[in-house]
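Visitor: In case you want the letters, here they are:
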Amino acid sequence: MVPLNAYLILAAIIFAIGLIGFMTRRSIIMMLLCIELMLNAVNITLISLSHYMQDFMGQVIALLIIANAGAGMATGLALLINAYRLKKTVKIDLFRNLRG
Amino acid sequence: MSIPILFFSYFALASIVLSLIVVTRKNYIHAVLWTLLLFIHISGIYLFLNAEFFAMIQMIVYAGAILVMLIFVIMLLNVRHEDHLSDLSSLSIPKVFFVFCVFGILALALQASYLNTIGKFSIDVVNTFSDAKLLGQVFYSEANLPLIIMGVVLFVPMIAAIVLAGKRSDE
Chain A
1 MVPLNAYLIL AAIIFAIGLI GFMTRRSIIM MLLCIELMLN AVNITLISLS HYMQDFMGQV
61 IALLIIANAG AGMATGLALL INAYRLKKTV KIDLFRNLRG
Chain B
1 MSIPILFFSY FALASIVLSL IVVTRKNYIH AVLWTLLLFI HISGIYLFLN AEFFAMIQMI
61 VYAGAILVML IFVIMLLNVR HEDHLSDLSS LSIPKVFFVF CVFGILALAL QASYLNTIGK
121 FSIDVVNTFS DAKLLGQVFY SEANLPLIIM GVVLFVPMIA AIVLAGKRSD E
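Going down the list, the sequences are from chains A and B. The opening position of the first sequence corresponds to residue 1 in the numbering used here, with each subsequent residue numbered one higher. The opening position of the second sequence corresponds to residue 1 in the numbering used here, with each subsequent residue numbered one higher.
Errors might be hidden in some of the hints.
[Said to hold, decoys possible] Under the rule of at most 20 Å between Cα atoms (straight-line distance), these lysine to any residue pairs were calculated in the SDA-like manner:
| no. | chain 1 | residue 1 | chain 2 | residue 2 |
| --- | --- | --- | --- | --- |
| 1 | B | K26 | A | Y84 |
| 2 | A | K91 | B | T24 |
| 3 | A | K91 | B | M75 |
| 4 | B | K95 | A | I28 |
| 5 | B | K133 | A | M57 |
| 6 | B | K26 | A | L32 |
| 7 | A | K88 | B | N78 |
| 8 | A | K88 | A | G76 |
| 9 | B | K26 | A | M23 |
| 10 | B | K95 | A | F22 |
| 11 | B | K95 | A | M38 |
| 12 | A | K88 | B | G166 |
| 13 | B | K120 | A | M53 |
| 14 | B | K133 | B | M59 |
| 15 | A | K88 | B | L76 |
[What the hints assert, rightly or not] Have a look at the derived ranges for each label pair, beta carbon to beta carbon:
| no. | chain 1 | residue 1 | chain 2 | residue 2 | range |
| --- | --- | --- | --- | --- | --- |
| 16 | B | L47 | A | D93 | 37 to 43 Å |
| 17 | A | F95 | B | G119 | 44 to 50 Å |
| 18 | A | K88 | B | I5 | 48 to 54 Å |
| 19 | A | P3 | B | K133 | 24 to 30 Å |
| 20 | B | S130 | A | R96 | 49 to 55 Å |
| 21 | B | K120 | A | L4 | 14 to 20 Å |
| 22 | A | L94 | B | V17 | 30 to 36 Å |
| 23 | B | V156 | A | R96 | 26 to 32 Å |
| 24 | B | F155 | A | R96 | 32 to 38 Å |
| 25 | B | I118 | A | L94 | 51 to 57 Å |
| 26 | A | M1 | B | L108 | 22 to 28 Å |
| 27 | B | P4 | A | F95 | 43 to 49 Å |
| 28 | B | P94 | A | P3 | 30 to 36 Å |
No wet-lab data here; the hints were simulated from the structure. The beta carbon of each residue, even a glycine, is placed where N, CA and C say it ideally should be.
Please construct the entire structure, taking both the sequences and the accompanying hints into account.
Guide: This is the structure we're talking about:
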């Protein structure tokens, strides 16, 4: 029997890797990929807690997160296409003029 | 060392190594393909947690829909490599410190958050009926509002994607 803490530590490690990738990579595609990584870490947390607490609400929230990930990915890719039309690049550094 | 711990440690180690590989790739297509492998390993982790419905959803939605959409956009825009100006060069001490703080807070908070409350869906119940059947029952009885909200959440970005990306260039 694998202890619950192993799953939680694994999820925290994957979340930290996704976060460090999100902050250091400067291309919109890689940032979207790192967001997916972090959402997967949250899903691991929710499903392992749902299994060990024997309650299905964790899986309900995990399904909501998967729907949100798909929604965010679709909107983010539409924005990415618009940004590429504007500047012919996907580097986030070159969009500094979008600052208010 | 028993067999489940051996299998779990393989999947956990592979997930960590694969996410490190994903974050450090220069080529976008390579990064997406490594992510595909990572999602397959995460779906293996879900199988250990008696959540075979989520293992299937992970393969279908994440690996089958979201990553294919990402590959489609990368090939549509024809961006191959990142230029020289990035690739972990902006890794600074405050960022690393911030990430370690977030990791520490997450690890500590998640350890403390495990209460000894046991719900009604024990392993025997999940094995007798299936995971998908019980999840469907929960969704149509006590969690029907999240199901409706999920429908709205999936409907709005469809309009957003059509409005944002479907614009004609001559307008």
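Visitor: Of the hints stated earlier, which fail here?
Guide: none
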